[in-house]
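Taken in sequence, the protein lines are chains B and D. In terms of the numbering used here, the first sequence has 99 at position 93, counting the first letter as 1, and numbering is strictly consecutive. In terms of the numbering used here, the second sequence has 742 at position 84, counting the first letter as 1, and numbering is strictly consecutive.
Because the hints were derived from the structure by calculation, they are not lab data. Incorrect hints may have been included.
Here are the computed lysine-lysine pairs in the DSSO-like style, where the Cα-Cα straight-line distance is at most 30 Å [what the hints assert, rightly or not]:
| no. | chain 1 | residue 1 | chain 2 | residue 2 |
| --- | --- | --- | --- | --- |
| 1 | B | K48 | B | K63 |
| 2 | B | K28 | B | K118 |
| 3 | B | K64 | B | K48 |
| 4 | B | K77 | B | K64 |
| 5 | D | K715 | D | K667 |
| 6 | B | K64 | B | K43 |
| 7 | B | K28 | B | K63 |
| 8 | B | K63 | B | K74 |
| 9 | D | K667 | B | K63 |
| 10 | B | K63 | B | K43 |
| 11 | B | K74 | D | K667 |
| 12 | B | K48 | D | K715 |
| 13 | B | K28 | B | K43 |
| 14 | D | K715 | B | K74 |
| 15 | D | K715 | B | K77 |
| 16 | B | K64 | D | K667 |
| 17 | B | K77 | D | K667 |
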Amino acid sequence: GENVEQHPSTLSVQEGDSAVIKCTYSDSASNYFPWYKQELGKGPQLIIDIRSNVGEKKDQRIAVTLNKTAKHFSLHITETQPEDSAVYFCAASSMEYGNKLVFGAGTILRVKS
Amino acid sequence: DSGVTQTPKHLITATGQRVTLRCSPRSGDLSVYWYQQSLDQGLQFLIQYYNGEERAKGNILERFSAQQFPDLHSELNLSSLELGDSALYFCASSAAGGADDEQYFGPGTRLTVT
Chain B
7 GENVEQHPST LSVQEGDSAV IKCTYSDSAS NYFPWYKQEL GKGPQLIIDI RSNVGEKKDQ
67 RIAVTLNKTA KHFSLHITET QPEDSAVYFC AASSMEYGNK LVFGAGTILR VKS
Chain D
659 DSGVTQTPKH LITATGQRVT LRCSPRSGDL SVYWYQQSLD QGLQFLIQYY NGEERAKGNI
719 LERFSAQQFP DLHSELNLSS LELGDSALYF CASSAAGGAD DEQYFGPGTR LTVT
């Protein structure tokens, strides 16, 4: 089945710096890659996603890149702010896995002010 | 606020008991998913329903069952509870249940089994 690995497990950055979180997936059939942000005591919040026919997508300070050949995708957050502090999860989905999302283990992002 | 609602927010029960978790999807969404989040297993897919029918199954235990009703709300039933079932249970919904549909998560139910 699909396996998603996420790095790093924790990331500390200074306010205003950029943060990058990387994920790799195992199955080339995967075609949808969402990113979720989870704050303490809340459910995962979809922040951006990318589909396999696109290499990069940007939404204000957040961008995601996808390299299908290498089977990896990354989340980029620029000009980080204290409210960006949360746990971030990547995920991959494929029709071959019954439309389910397979999640990475998560990255704890701390933005120091 | 994602528009997905879950009740109850917290649930404390004893081993061997049975509980029911409830989820209402976003308005217009036909598909519901259940996930379990624990410290050791992370976020794990349990089961998906689309318009009342089971569409996909993940690592759901035989002691667990779910259904989606005609009004599209869903219930997850957990029986013969064990200590290891303590976790956060999330419901998510999507418009059509496809592999690249955006899934929106509810606030979750925290289950504690004592």
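A quick look at each hint next to the structure:
no., hint, result
1, K48(B) - K63(B), "holds (26 Å)"
2, K28(B) - K118(B), "holds (21 Å)"
3, K64(B) - K48(B), "holds (25 Å)"
4, K77(B) - K64(B), "holds (19 Å)"
5, K715(D) - K667(D), "holds (24 Å)"
6, K64(B) - K43(B), "holds (16 Å)"
7, K28(B) - K63(B), "holds (15 Å)"
8, K63(B) - K74(B), "holds (14 Å)"
9, K667(D) - K63(B), "violated (35 Å)"
10, K63(B) - K43(B), "holds (17 Å)"
11, K74(B) - K667(D), "violated (39 Å)"
12, K48(B) - K715(D), "holds (25 Å)"
13, K28(B) - K43(B), "holds (14 Å)"
14, K715(D) - K74(B), "holds (26 Å)"
15, K715(D) - K77(B), "holds (25 Å)"
16, K64(B) - K667(D), "violated (34 Å)"
17, K77(B) - K667(D), "violated (37 Å)"
Hints 9, 11, 16, 17 from the earlier list are contradicted by this structure; the remaining hints agree with it.
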